[in-house]
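**Student:** Sequence:
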Amino acid sequence: MWRRARAAVRDSARTLHPRLDPTVYPLLVLVLHTGPLRMSEAASRLSLDKSTLSRQVDAAVRLALLERVIDPSDARARLVQLTPSGHKGLTALLDDQRSRWRAALAEWDQHEVELLTGLLHKLGGTGVA
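In UniProt numbering, the protein residues as written are 1 to 129.
Calculated directly from the structure, the hints in this document are not laboratory data. These figures come from a predicted structure and were not determined experimentally. Beta carbons: idealized from backbone N, C-alpha and C, even for Gly. There may be inaccurate statements among the hints.
Stated by the list, open to error - Between beta-carbon pairs, the in silico distance windows are:
| no. | residue 1 | residue 2 | range |
| --- | --- | --- | --- |
| 1 | P84 | P18 | 15 to 21 Å |
| 2 | P18 | S40 | 28 to 34 Å |
| 3 | T52 | R76 | 21 to 27 Å |
| 4 | R102 | R55 | 32 to 38 Å |
| 5 | R68 | L115 | 39 to 45 Å |
| 6 | D21 | A92 | 16 to 22 Å |
| 7 | A8 | T52 | 20 to 26 Å |
| 8 | P84 | E41 | 19 to 25 Å |
| 9 | D95 | S51 | 31 to 37 Å |
| 10 | V61 | W2 | 26 to 32 Å |
| 11 | R100 | L32 | 14 to 20 Å |
| 12 | T83 | G118 | 33 to 39 Å |
| 13 | G125 | V69 | 29 to 35 Å |
Please build the complete structure, drawing on both the sequences and the hints.
**Tutor:** Structural data, given as structure tokens:
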């Protein structure tokens, strides 16, 4: 199961940009869901050290998926945010993934979907991944 999950992240990263390192993909999804955020906050949420996150941000900036902007509440600080093309590409990719999940689960009854949802939430809370 973990192997399939890693393969899915790798495929998603490649779909978004052929040169995107799969380790950067979770950062992009985080920024999509949170909006612009400080690098220290992103590092904390992703459990990464600042140097690793900095390399990931640099890579995404080079691919025009992320950009650094001045924090309006503190001109000394920088935020990372998706570029318009990064936002568009990631949103389209996630919309496509949701459509495929809906199609795959269309024949399941409500109880099966609720059971799967509950079990995934339980697994997600274990800290195993």
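**Student:** Does each hint hold? Answer for all of them.
**Tutor:** Hint by hint, here is what the structure shows:
1. P84 - P18: 15 to 21 Å: Holds, since P84 and P18 (Cβ atoms, about 19 Å apart) stay within the stated range.
2. P18 - S40: 28 to 34 Å: Given range 28 to 34 Å: holds, Cβ gap about 30 Å.
3. T52 - R76: 21 to 27 Å: holds, 22 Å
4. R102 - R55: 32 to 38 Å: Since R102 and R55 have Cβ atoms about 36 Å apart, the given range 32 to 38 Å holds.
5. R68 - L115: 39 to 45 Å: holds, 43 Å
6. D21 - A92: 16 to 22 Å: holds, 20 Å
7. A8 - T52: 20 to 26 Å: About 22 Å separates the Cβ atoms of A8 and T52, which means 20 to 26 Å holds.
8. P84 - E41: 19 to 25 Å: At roughly 22 Å between Cβ atoms, E41 and P84 fall inside 19 to 25 Å, so the hint holds.
9. D95 - S51: 31 to 37 Å: holds, 33 Å
10. V61 - W2: 26 to 32 Å: holds, 29 Å
11. R100 - L32: 14 to 20 Å: holds, 18 Å
12. T83 - G118: 33 to 39 Å: holds, 37 Å
13. G125 - V69: 29 to 35 Å: With Cβ atoms ~34 Å apart, the hint holds.
The structure fails none of the hints (numbered hints given earlier).
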